[in-house]
Structures are given as structure tokens and as C-alpha cells.
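**Student:** Once you know that position 3 of the sequence shown is 6 in the working numbering, the rest is easy, because the numbers rise by one and skip nothing.
None of these hints come from the bench; they were simulated from the model.
Incorrect hints may appear among the rest.
[Said to hold, decoys possible] Computed cross-link-like contacts, SDA-like style, restricted to lysine to any residue with a CA-CA straight-line distance of at most 20 Å:
1) K57 <-> M39
2) K91 <-> Q79
3) K57 <-> Q79
4) K57 <-> N42
5) K57 <-> G33
6) K57 <-> T32
7) K57 <-> K91
8) K57 <-> N74
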Amino acid sequence: ADSNSMVAAMLPCMLGCAGLWGGSHDLETGANRYTMLANHPERYESGHFYGSLKGASGPMGDQAGWWPSMNDLPLQDLVYDTLTSALKRAGSGAAADSGTPQQQQRGIAPQQQQQ
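Sequences and hints are given; from them, build the entire structure.
**Tutor:** And the structure:
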């Protein structure tokens with residue numbers, strides 16, 4: 004068997020074990036964390052990456068303290084432009100691109116991508 008099929012077969016077991024050991028959270032907790040980020044912009048600033056401060060399921064905080072690149076706005080702009088370009092080429096039918104909130108705030112237009 005190739006390694007991909009082995010990993011695919013083991014993944015459900017590994018995720019189940021992680022949940023038993025407190026290494027991950029359930030779907031409802033994950034959804035609540037996502038909506039908390041989306042619904043409280045006064046508490047969670049756009050352009051930051053928020054995740055568990057310790058472990059995989061603890062209290063959330065800004066990850067820039069762990070990984071300074073998470074606070075690299077030009078890198079975020081590049082990733083945004085790359086993903087937007089890839090989705091356009093894939094024919095996602097996405098609406099006109101107005102850039103990231105950070106690009107808009109700084110008056111930077113998203114890169115013009117070739118179709």
C-alpha cells in the first residue's frame with residue numbers, strides 16, 4: 004500500500020485519540036471559535052492569526068508572538084493575491100476583487116492578475 008492510503012486509513016483513529024487526550028476540540032467548539040472571530044472585530048483584529056495559545060484546543064490568542072511571520076502584512080498580501088488569482092483561474096466565479104482589509108486601509112490595490 005502506498006503511504007497516502009495508509010495515512011488516510013490512520014487519520015480517523017489519530018484524530019479520535021487526539022480528542023480523547025485533549026489534543027483537539029469537537030466540531031461545535033471549532034465552529035464557535037470561528038464565529039467568535041468573525042463576529043467580534045473589536046476583539047480580534049483583521050490581519051492577525053488567532054489560534055490556541057497552548058496545545059490544540061486551549062484559550063485563543065494572537066500567534067504573532069510565536070511566529071513573527073504571522074504579522075507580516077506584505078506576505079499576507081502576497082498570499083491573498085496568489086489565492087485570489089488561483090481561484091479566478093479555477094473559474095470560481097468570485098466577485099470583483101477589492102483586496103484585503105489591510106490593502107484597502109493602506110490604499111494598495113490587489114495585483115492585477117492575468118486571466
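**Student:** Decide, hint by hint, whether the structure agrees.
**Tutor:** To see whether the hints hold, each was checked on the structure:
With a C-alpha separation of about 18 Å, the suggested pair K57 and M39 falls inside the 20 Å cut-off, and the hint holds. Pair hint K91 plus Q79 holds up; C-alpha atoms about 18 Å apart against a cutoff of 20 Å. Distance restraint check for K57 and Q79: the Cα-Cα separation of roughly 24 Å exceeds the 20 Å cut-off, and the hinted pair is therefore not satisfied. Restraint check for K57 and N42: not satisfied, since their Cα atoms lie roughly 23 Å apart, outside the 20 Å limit.
Simply put, K57 and G33 have alpha-carbon atoms about 15 Å apart, close enough for the 20 Å limit, and the pair holds. Under the criterion of a C-alpha separation no larger than 20 Å, the hint pairing K57 with T32 is consistent with the structure, at around 16 Å. Proposed proximity of K57 and K91 is contradicted: the alpha carbons are some 37 Å apart, above 20 Å. Of the pairs offered as hints, the one joining K57 and N74 holds, with about 19 Å between alpha carbons and a cut-off of 20 Å not exceeded.
The structure fails to meet hints 3, 4 and 7 from the earlier list, while all remaining hints are met.
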